[in-house]
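For the sequence shown, numbering that gives the first Met the number 0 begins at 0 and goes up steadily by one.
For the record, the hints were derived by calculation from the structure and aren't laboratory data. You may find that some hints are simply not true.
[Said to hold, decoys possible] Ranges of calculated distance between the beta carbons of each label pair, as one might list FRET restraints: (1) Thr109 to Trp5: 53 to 61 Å; (2) Asn96 to Lys38: 17 to 25 Å; (3) Asp35 to Pro64: 19 to 27 Å; (4) Cys16 to Ser98: 16 to 24 Å.
[Said to hold, decoys possible] Straight-line alpha carbon distances no greater than 30 Å define the calculated BS3-like cross-link-like pairs of lysine-lysine that follow: (5) Lys111 to Lys51; (6) Lys130 to Lys73; (7) Lys38 to Lys73; (8) Lys130 to Lys94; (9) Lys76 to Lys130.
As the structure is a prediction and not an experimental result, all values here were calculated from the model. Glycine included, C-beta positions come from ideal geometry on N, C-alpha and C.
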Amino acid sequence: MSKMGWFGIAITLFIICFAFQIDTTVLNASMIDNRDAVKQASEASIQRSINKGTLRVTESVEIDPVAFSDEYEKFYKENVDFNYDGSTRNFRVVKVNTSPAMVAVEGEVTNKSTFKRTTEDKNEDISLLFKNVVIYESKSKVKIPGGNVE
Numbered sequence: 000m001s002k003m004g005w006f007g008i009a010i011t012l013f014i015i016c017f018a019f020q021i022d023t024t025v026l027n028a029s030m031i032d033n034r035d036a037v038k039q040a041s042e043a044s045i046q047r048s049i050n051k052g053t054l055r056v057t058e059s060v061e062i063d064p065v066a067f068s069d070e071y072e073k074f075y076k077e078n079v080d081f082n083y084d085g086s087t088r089n090f091r092v093v094k095v096n097t098s099p100a101m102v103a104v105e106g107e108v109t110n111k112s113t114f115k116r117t118t119e120d121k122n123e124d125i126s127l128l129f130k131n132v133v134i135y136e137s138k139s140k141v142k143i144p145g146g147n148v149e
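Starting from the given sequences, assemble the full structure and let the hints guide the process.
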């Protein structure tokens, strides 16, 4: 084989490895950003949606589902840092339990993959799903002076 043939093969392998490396880096950054956005948004929004009246009277944490959904949407959008042109984000509140205080949320990122488009199915995208569950519970079964919830 001539030197030009080997050079062409080397360039092709380099381009394929470069596309794979870019996809891997974008996928990793999207995964970390989505994980952090879901965790931070769920924990921050549950704090903002606690029914303070119930907390004062019965010393138990109760969550307002409507307030939680609104706060979660706001905080999720604020916590997204990695914006890639070929990605779309979806998030949803799976379950809000008022008492005992529990929320289950998930966030999904779908990335367009350059490497997959050149090697396999042309319409295939890579999707990442992260789920988070936050449960608030009292520290003790016995009521203590000053309250059980910190």
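Next item on the list: List in ascending order the numbers of the hints, as given earlier, that are violated by the structure.
Entry: 1, 4, 5
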